[in-house]
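In the order they appear, the protein sequences are chains W and R. Just so we're aligned: the first sequence equals residues 1 to 682 in the working numbering. Just so we're aligned: the second sequence equals residues 1001 to 1381 in the working numbering.
Calculated directly from the structure, the hints in this document are not laboratory data. Any given hint could turn out to be false.
[Claimed, not checked] Just so you have them, the derived chain R footprint on chain W, three or more residues with Cβ under 8 Å: (1) 264–277; (2) 322–333.
[Unchecked claim] Cut-off 30 Å, straight-line C-alpha distance, at most; resulting in silico cross-link-like pairs (DSS-like, lysine-lysine): (3) W/K214 <-> R/K1220; (4) R/K1309 <-> R/K1221; (5) W/K612 <-> R/K1260; (6) R/K1265 <-> W/K214; (7) W/K375 <-> R/K1365; (8) W/K565 <-> R/K1023; (9) W/K622 <-> R/K1125; (10) W/K422 <-> R/K1297; (11) R/K1297 <-> W/K426; (12) R/K1121 <-> R/K1140; (13) R/K1365 <-> W/K622; (14) W/K622 <-> R/K1220; (15) W/K565 <-> R/K1220; (16) W/K622 <-> R/K1264; (17) R/K1023 <-> W/K622; (18) W/K214 <-> R/K1117; (19) R/K1220 <-> R/K1265; (20) R/K1117 <-> W/K622; (21) R/K1260 <-> R/K1297.
The beta-carbon is built from N, C-alpha and C at its ideal position, and this holds for glycine as well.
Here is what each chain is made of, one letter per residue.
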Amino acid sequence: MYRNKISTFTLLLLWSPLVLLAQVPKDTVKVLKDVIITGKPYREVIPVQSLSGKQLENLASHNVADALRYFAGTQIKDYGGLGGLKTVDVRNMGTHHVGVFYDGIQLGNAQNGVTDLGKYSLDDMEALTMYNGQKSEIFQSAKDFSAASTIYMRTKKPVFKDGKNTNLLLRYKTMSINYHDPSFRWEQRLSDSVSLSVSSQYIKSNGEYSFRYKRNNQDGSLAYDTTATRHNSDIAALRVESGLYGKIKKGSWDAKLYYYDSDRGAPGAIVANKFADGYRQYDRNFFAQGYLVKDFSDKFKFQTRAKYAYDYTHYLARDTTSILGETVTEGAQSDDSYYQHELYFSTVSMYSILPIWDISLAVDFQYNKLDATRKGIQTQFSYPQRYTVLSALASSFRLGEFKVLASVVGTHVTEQVRYNAKAPDKTEFTPAIFLGYQPFKETDFNIRAFAKRIFRMPTFNDLYYTMVGSSTLRPEYMNQYDVGFTYNFLSETAFLNKFSIQADAYYTHTRDKIVAAPTGNLFRWMMTNMGQVRGKGIETVLNLGKRIQQLNLSTNLSYTYAESKDFTTFAGLALSSYGDQIPYTPWHSGSAIINAGTETWNFNYSFIYVGKRYNGNVNNIKVNEVQPWYTHDLSAQKSFTVRNYKFKATIEANNLLNQHYEVIYNYPMPGRTFRLIMSVQL
Amino acid sequence: MRKISNNILIGFCLALCFISCRKDETIFLSTAKNVALPVNGGNIEGFYMLNEGNMGMNRASIDLFNYRTGTYTVDIYSERNPTVVKELGDVGNDIQIYGNKVYAVINCSNKIEVIDKWTAKRINKIDVPNCRYMAFHGGKAYVSSYAGPVAIDPNAEIGFVAEIDTATLQIKRKVNVGYQPEQMVVQNGKLYVANSGGYRVPNYDRTVSVIDLNTFTEIKKIDVGINLYGMQVDSRGDIYVNSRGDYYNTNSNLFVIDTKTDEKKSVLNMPVLGMCLVDDLLYFYSVEWSYLTNSNKITYGIMDTKTKKVISNKIITDGTDKQIMIPYGLKVNPETKEIYLTDAQNYVVTGYVYCFTPEGKLKWKTSAGNIPAHFAFITKN
């Protein structure tokens, strides 16, 4: 009964803007400014979804992982807690096949290949864009070509209005659970062609929220009902970022510094008789990067980029308990520190042979090194170093309403180790082809198709982690095929001012897939070589927009159907899970965003649904089933000006119906929380 | 235009109809299956099977096989103990029956679950951190544990054995033994503990601790071999203790300890991972991982403990062994000499339990839980 009510409620909410729209006379329509998720209409031959500017601000999401949940085809693995790990998976191909780029350069983690997206704040983010396959252009680095899906985080660049030379923004966020988050952003014009930005954010939270486990007997009577507090999910994190942005003749450059420092708890699995543990993680990340682009002539364009990154992670497990009055260790103890260095350099040259025919060559070089000190571990660490050379040759060709884009990436990897056996050198070539066609001149309707082959190297952990048996892991190959269309309709006079839809169907085939599943100890992954996985799915995104006088209404709906099945054989034998859906892969998932805004007010409702799926025990049987979850978030925002100060206040309610859910089995998520955000711009 | 948008919206609405909502969670229910013909003779009524469950999954589970009905019932614990929060727990490591109580050691839940032999209902739980295996003697239970005094260096903690009164289920005494102690046997009033040192790769422990049960002190450490694990004792007082090797250069091995002298008596130079001693026969298997060849080598065998000679290099004679991915649990019915073997698959998915005739022919096979591993026979009083 209760369930039905919820679905009815949801349906009503989904439909309500349409009901509203139906009552508005047509002649009041004006140009629509904002739409929630933009399906870029022009000449995109690759499925893309994007969130930017005000849309990001209105969303009641505060880190990159939370915002990515609104994209069709993404699944976020979220271990809960303020300090918990959040990773993204696109089309269930695995988080290692997603390339995440920060201002144009990939964020790497040669050690475990996992990018924790919960760490990246949306405060300074201008846009988040996700491509299936790769970006629809050829003027990009070899790294941009070398992932099965790519996510671009683009931070804000300084914009000075009305002759101002300085912008300063102060912001403070707090929550109904213990949480303090002050931040600032300062932008300064240094000269006509150079500007500077400095921003910083400090987050402190004890991370304590209540969670609940409840089960009924078969007859519906209560079996148990326990509410407890999530411990060891606290965080203290500081982020400092600075950027220099310059213009040159027919080009531009930028340089960035980034520093992140955190001390956080890594909350463990909630299991019988153990509702708390105390694994700690300390991170220090630093990177410096630069980018330059210049058109040397109408025909020849050039870009170059460089990066140095240093990552330090200290992991400490020292849980104790007492027995017969004596203090003893509770589980395996560890006190490990890892130090990673990365150097990256890339050049891209593009030449227009004909106005309809471009060709580009990108060459990237990357060096990775992993050092470690591991107290109490007496095996020799390998101290691996890796040299990677990637080169990409790409061409795009337009003929009438056809567009063809083809690329091939060559990857050569060579490694060195101080101890133990090293992995052999590897050379791989992976091609991709993208086709686009616009059949009707007057209508913005595009059909597209692509095929892409990708190879990923095992990470340092995969290869060299002592005693985890990782050397048995084979490299991983992925073929991805996609067909889809977009249709965009923009009008000032029609009933809907914006109507946009995109739909894609895909097929993926992974051979020797490496799947990382967490153990009771979050930092240590249990590596399983899933062998063969075949996936297929459908993704649809629908945008509707309407303007009624000063009021902008927009709706974004996404729906994903996904199948991803395990056809693993082990030593020639089929596993008992043969043909079953892989873990944490819902058949149905979707999201809805409904936004209503005026010049000074904004109301946002967002909804996320993740359907039934199976947990890490793989077999699609009742005991391994994980319940669907869905959250409703609301936010209201008001901006006002006092003297020349622009104030903004936001109040948000997340998980409005207080659903006690889990994304990952035994890792409970927070229930209902409220958030208050105040900012002032000087 | 409007027509298209209407169609699309109807499509979305239809999609919503397919998706489902949350239901109230129900306790984990058992599933029963007839796998064998009912048997009436003998003292053994059936057995409990402890499935370990992967770490962090909280999916340790207990299955029940009933000889009288030939029924194998998967996952009985939650149904019989619906009020126990989060069920049996995380990583089952050992199950044994002593008197009318069943003791299930749940390693990562830091407890021993004590249930009634006939009803499988909880009697109590005993908190023991990082508990591993149990042994029983004279109304006392002994449990080995990796937990130890906190040392500055991680993994330098010396493990302990605790003594539990089986009447009150209270921990009475504890004694420190070697690094990461595993299985134990009792002989002549002494407890023998195999110390693995598994946390201390590659500097494994290589000793068996001898504990005097009166004073509950360690009276001797016998140097045996690296990474010791399992223990069985025969009717003549010889202890068989196996080493898991170091997976590189030192192979898995089987050693014999003479309990009259408390010395290592012989090295049998054969790989043994799991074993079960019935009468004078030691049934064993070995799965040896080699980092040098990156593959598993699986062997089976039966040894006569009187002569210490392997009398067969087969347990399974009908070729079924080729279907078994990773043999994990091994037990022989002491009355019928039927052989039970589990297949842990890749440790992630649902495993299987196999039953073979004494001659090694497949009798039945059924699905169990995740990592089926440990058997405990239920005998009439």
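We went through each hint and held it up to the structure:
1. 264–277: With 7 residues closer than 8 Å to chain R, the region 264–277 of chain W meets the three-residue bar; holds.
2. 322–333: holds (count 10)
3. W/K214 <-> R/K1220: Cα-Cα ~50 Å, so violated.
4. R/K1309 <-> R/K1221: With Cα atoms ~27 Å apart, R/K1309 and R/K1221 stay inside 30 Å; holds.
5. W/K612 <-> R/K1260: Measuring from Cα to Cα gives roughly 61 Å; hence the hint is violated.
6. R/K1265 <-> W/K214: violated (55 Å)
7. W/K375 <-> R/K1365: Violated. W/K375 to R/K1365 sits at ~46 Å, over the 30 Å cutoff.
8. W/K565 <-> R/K1023: It holds: about 25 Å lies between the C-alpha atoms, which stays within 30 Å.
9. W/K622 <-> R/K1125: holds (27 Å)
10. W/K422 <-> R/K1297: holds (24 Å)
11. R/K1297 <-> W/K426: holds (29 Å)
12. R/K1121 <-> R/K1140: Roughly 21 Å between the alpha carbons, so the hint for R/K1121 and R/K1140 holds.
13. R/K1365 <-> W/K622: Given that 30 Å is the threshold and the Cα spacing comes to 21 Å, the pair holds.
14. W/K622 <-> R/K1220: violated (50 Å)
15. W/K565 <-> R/K1220: At roughly 55 Å apart (the allowed maximum being 30 Å), R/K1220 and W/K565 break the hint.
16. W/K622 <-> R/K1264: violated (50 Å)
17. R/K1023 <-> W/K622: Between R/K1023 and W/K622 the Cα gap is close to 13 Å, so the pair holds against 30 Å.
18. W/K214 <-> R/K1117: Between W/K214 and R/K1117 the Cα gap is close to 28 Å, so the pair holds against 30 Å.
19. R/K1220 <-> R/K1265: Answer holds: R/K1220 to R/K1265 is near 16 Å, not above 30 Å.
20. R/K1117 <-> W/K622: holds (27 Å)
21. R/K1260 <-> R/K1297: violated (35 Å)
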